[in-house]
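J.: Residues per chain, in single letters:
Protein chains: 2
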Amino acid sequence: MAENKKIPYKMYLEENEIPTRWYNVRADMKNKPFPLVNPGTGKPMTAEELTPVFCDELVQQELDNDTPYFDIPQEIQDYYKTYRPSPLVRAYNLEKALGTPAHIYYKFEGNNTSGSHKLNSASAQAYYAKKQGLKGVTTETGAGQWGTALSMACAYFGLDCKVFMVKVSYEQKPFRREVMRTYGATVTPSPSMETNIGRKINAEYPGTTGSLGCAISEAVEVAVSSDGYRYVLGSVLNQVLLHQSVIGLEAKAACDKFGIEPDIIIGCAGGGSNLGGLIAPFMGEKLRGEKDYRIIAVEPASCPSFTRGVYAYDFCDTGMITPLAKMYTLGSGFIPSANHAGGLRFHGMSPVLSQLYHDGYMEAVAVEQTAVFEAAEQFARVEGILPAPESSHAIKAAIDEALKCKETGEEKNILFGLTGTGYFDLVAYQQFNDGTMTDTIPTDEDLAASIATLPKVE
Amino acid sequence: MAENKKIPYKMYLEENEIPTRWYNVRADMKNKPFPLVNPGTGKPMTAEELTPVFCDELVQQELDNDTPYFDIPQEIQDYYKTYRPSPLVRAYNLEKALGTPAHIYYKFEGNNTSGSHKLNSASAQAYYAKKQGLKGVTTETGAGQWGTALSMACAYFGLDCKVFMVKVSYEQKPFRREVMRTYGATVTPSPSMETNIGRKINAEYPGTTGSLGCAISEAVEVAVSSDGYRYVLGSVLNQVLLHQSVIGLEAKAACDKFGIEPDIIIGCAGGGSNLGGLIAPFMGEKLRGEKDYRIIAVEPASCPSFTRGVYAYDFCDTGMITPLAKMYTLGSGFIPSANHAGGLRFHGMSPVLSQLYHDGYMEAVAVEQTAVFEAAEQFARVEGILPAPESSHAIKAAIDEALKCKETGEEKNILFGLTGTGYFDLVAYQQFNDGTMTDTIPTDEDLAASIATLPKVE
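Top to bottom, those sequences are chains A and B. The first sequence begins at 39 in my numbering and counts up by one. The second sequence begins at 39 in my numbering and counts up by one.
A hint or two may mislead.
When chains are identical, the list treats them as one kind, so a pair holds in a single copy or across two.
Taking lysine-lysine and the DSBU-like style, the derived pairs with C-alpha atoms no more than 35 Å apart in a straight line are [to be verified]:
1. LYS364 <-> LYS211
2. LYS173 <-> LYS442
3. LYS44 <-> LYS169
4. LYS48 <-> LYS134
5. LYS68 <-> LYS329
6. LYS442 <-> LYS119
7. LYS48 <-> LYS173
8. LYS494 <-> LYS168
9. LYS44 <-> LYS295
10. LYS119 <-> LYS44
11. LYS442 <-> LYS169
In case anyone wonders, no lab produced these hints; they're calculated from the structure.
My request is simple: use the sequences and hints to build the entire structure.
T.: And the structure:
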C-alpha cells in the first residue's frame, strides 16, 4: 500500500510526540502468557517471592496482565528526551540497490552511546531502583550492550552499578568494558572470587572463561545478599517488553504522521525485548481485530528457539537457579556454537512472544550467519549505518521479503527494527571480511538431547 | 541573551531545511588566506600544478577566494540526507550539573557510522572524483576517522578507495580497519612495500611503525602514478573548510528557527576542518560587520599551533613533499608526545583560520589532556554521548566558559561543536580510567628547535 505523503529519508518526531505511556500487550491477549513458576514449589511466583530480587514497582509490572497502559514517569520521559525520538528511516538506497517496488522502513535504535535499544529498559529499571531508595543494581552482560546501557542509566540517575561480565568477553572486548567504567560501573570478570558461586565454579573448573548462566548467578547472589541492591535483567521479562513498547509506539506514531501503513513487520529475536517492543502496538491492533499485519520473528539458525524449540516450562539460565518460564526453548543446557557471532544466543524466548507465536499471531524464520553478514554488508554500503550482527538478522529477512515483492511486483510496505550498531562487533566483521566465517546448525540429535533436560512442571 | 521559544533537548531541522549551498568564508575576508606555494619555484601553485594530485573541480574550489556560495550538487545533497541533518542539542543536563545560568548548545556530528564530521567532505570529494570519471582515490589515515568516512563515501558513489594507514594504528586499531574493509576499501599499513617511498623508508628504518607524513607520501605517490586516481585530504585545505560549512549553516539555521543567539562559539582545532565549518556563517556575519560573536579555537597544550606557533610558510607534511602553506605552525618536524591521545596532532593549521586568527577575528586557548578527559567523563555521564577526545577539547572550554557565567551570573548562550564519538578511542579512556594518563607540554626549547626548521619563502 503506497503512502500518501512525500516521505523523507529520516523521520523524527517532535519531542512532544515521544510516547508518554508504555503499552502492555498482555492486556489485549486472550490467552495470557504463563506465569513464572517457583522451581521448588511448582507454583506461580508471588510478588513476595520476587521482591527480594527485583524492584517493587517492576514486580508489579511483571505480574500485571490486565492494565493496557502505564504512564512513563516524568523522570524517565526526561531521560528519553536525551536520546529519543529515534528516527524512522526510509531505506531509499537499499530499495534502489535491490530494484524492488517494496517500500522499506527501519526504526533505528542504535543512535545512542550504548549502541542499542537496551537503554529504553535500562533507564526505566534504574529509575525505579533509585525511586525505591536503593543504593545500586547488579546485572550480567555477555557481548556488553546491556551492561553498557545499564551503566549509562545508572550514571544518570546516580545509582551504583555492578556488572558481571563473562570472562571471555571481559578479556576480548576491553572497549565495552571501558565504556562501562567511564560511566562509573564496576565491571567484574565472571566467574569471580567475590561470590560463593563464582569461587565454587573457579574451583571446579580452573581457568574457565565463564558463561552467561554463571554471570547471572553471581549477579543475583550479590543482589540478594547486599543491602540496598536488586538484580536487573535486559530481556525476556514481561516488564522489559513493556518498557520496550516505546519503540513500537514511536514507530507507529511516525507511520501515522507520514501516512505509512506497514504490511510486514520484522524484528530479530533473541530473548525478545526488541521484537516485543517494536510490534507491541501493531500486535495490539491485530489482537483487537482492528488491523492485520504479517509479523515475522527472525532468529539465527544456530539458536532456533521458535522454529525448532518446544513450548514448555524451562529455567531462564544455564545454572538452573532462576524461576521457570513457559516459553519456546531449546533447553537451558543448549549453548550455540562458538562460531555464532553477536547476541541472540539465548536458549529460550519471551513468554509473551511465545504465547503469541503459539496462538498463530506471528511467524518465525531462521537465517544463517554468513547470509546475515552479506545482508549487513550490503546494507552498510548503501544505507551508511554499520548494523549490529543481531539487527542484521532482521535486515536479511527484510531483503528476502523485498525480493519477493520484486518477483510479484507488489508495492508492499516493510518495516523492520534496526536495533543497534556493530561498532563493538568488529571481530565478527573481520571474520566475514577474511572469508573465515562459517555457519553451524545444530543437529536434530543435539537439540533432542538438550530439550530432554527440561524440568518437569505440572 | 535568552531564547524566545521553548527549546527541546534535540533540535532536528526538516529534510528540506538542510543547506543546499556551501558558504565560502574567503569571499568575505578582506585579507585573503595566503596561497599554497610550490617549494621548488617559490611561486603560488597553479591549477595546472594541482590537477595531477586533486580532482579538477576541487582545485577550482581550492583556489576560489571570491565566490561566496557554491551549490551543493544534488547527488551530494541526496547523500547528506542519509545522515543529516545532525542535531543541535541543548545540554540541559550539563547546565544543571554545572549549576550555570549559561545556556549550552552543541552541534553533534557523530551520529553516523564514521563517527565524525569528516563524512561531510569525504562525500563531496568522492562525488567529484566519480563525476570526473576517475577509478578511485587514495588517502592516508592515522586514528582512522577520515579513512572510515572516505570508505563510506566511496562505497556509496562506487569508487575504489585505497587507504594508507599508519602501521602502528593499523595494528592497534584493527576495528577501524575492519570498518573500512567492510565498506570495501583496501587498507595498507604504512610504510608498505607497494611504493618507492615506502620501500625506501622500510629499508632505512627496519621495523618502523610509520608516521602520518610517510602515509601521506605513499598515498600521493600512488595517486599520481596510477591511471584514474587522485589524492584526497580530510582537513587543512580550503576546499575541506568549504564542504564543512554545512555544519555551521545547519547550526545557524537551527539557531534561527528556535530563536537562539549564540554569544560564544567554540570548536576544537587540529587542522581546522571542524572549527572552520562550524564558525563559517557566523564568521561571515562578523566579517561583514553584521553581528559580533566571541569565537574560540581550542587546541591541545601538547600541540599548540595557534597559541605557541608562528605564522609562516611551512610544509603540510613531515616528509616535506607537499606544497607550502602559510599557517600557524610548530614546524613540520614537530611531533606531539606519544602520550597525547586522539587527533589534533597536526603541526599546522588551516590557512583560512590562520589568517582570521592573525587578523584578530578569533581567540585560541590550549587545554591539557587530563582536564579534557575529566570534562569528557562529566559530559558522558550527564549528556549520554561518549565524546571523541578531539571533541572533548571543545567540551572543556565550553565548561570553563559556563563556569565563568556562574561566577558573573550571566545567561550567555554557548555553542560548541561536538565533532564525534569516542567509540574507537577507548585505549585513551582506559588510561584515564586507570589513572595512568599524563600531560605533556612541549618546552620552549623543543618548539624553538622545530620552528627553526621552517623553509625559507620570500
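J.: Taking the hints in turn, state whether each one holds.
T.: Okay, the hints, checked on the actual structure:
In this assembly of identical chains, LYS364 and LYS211 lie within 35 Å of each other by CA distance solely inside one copy; the values are 33 Å within and 44 Å between copies. Within a single copy, LYS173 and LYS442 get their C-alpha atoms only as close as 53 Å, which misses the 35 Å cut-off; across copies the closest is 34 Å, which meets it. Only between protomers do LYS44 and LYS169 lie at most 35 Å apart by alpha-carbon distance; the minimum there is 28 Å, versus 44 Å within a single protomer. When the C-alpha separation of LYS48 and LYS134 is checked against a cutoff of 35 Å, the pair qualifies both within a copy, at 16 Å, and between copies, at 31 Å.
For the identical chains of this complex, LYS68 and LYS329 are intra-copy neighbours only, at 16 Å inside a copy versus 65 Å across copies, given an alpha-carbon limit of 35 Å. Taking the shortest alpha-carbon separations for LYS442 and LYS119, only the inter-copy value of 28 Å comes in at or below 35 Å, while the best intra-copy value is 38 Å. Taking identical chains as interchangeable, the C-alpha atoms of LYS48 and LYS173 lie at most 35 Å apart only when they sit on different chains, with a minimum of 31 Å there against 40 Å within one chain. For the identical chains of this complex, LYS494 and LYS168 are neighbours neither inside a copy (38 Å) nor across copies (65 Å), given an alpha-carbon limit of 35 Å.
Taking the shortest alpha-carbon separations for LYS44 and LYS295, both the intra-copy value of 11 Å and the inter-copy value of 22 Å come in at or below 35 Å. Taking the shortest alpha-carbon separations for LYS119 and LYS44, both the intra-copy value of 26 Å and the inter-copy value of 14 Å come in at or below 35 Å. In this assembly of identical chains, the alpha carbons of LYS442 and LYS169 lie at most 35 Å apart only when taken from different copies (34 Å versus 50 Å within one copy).
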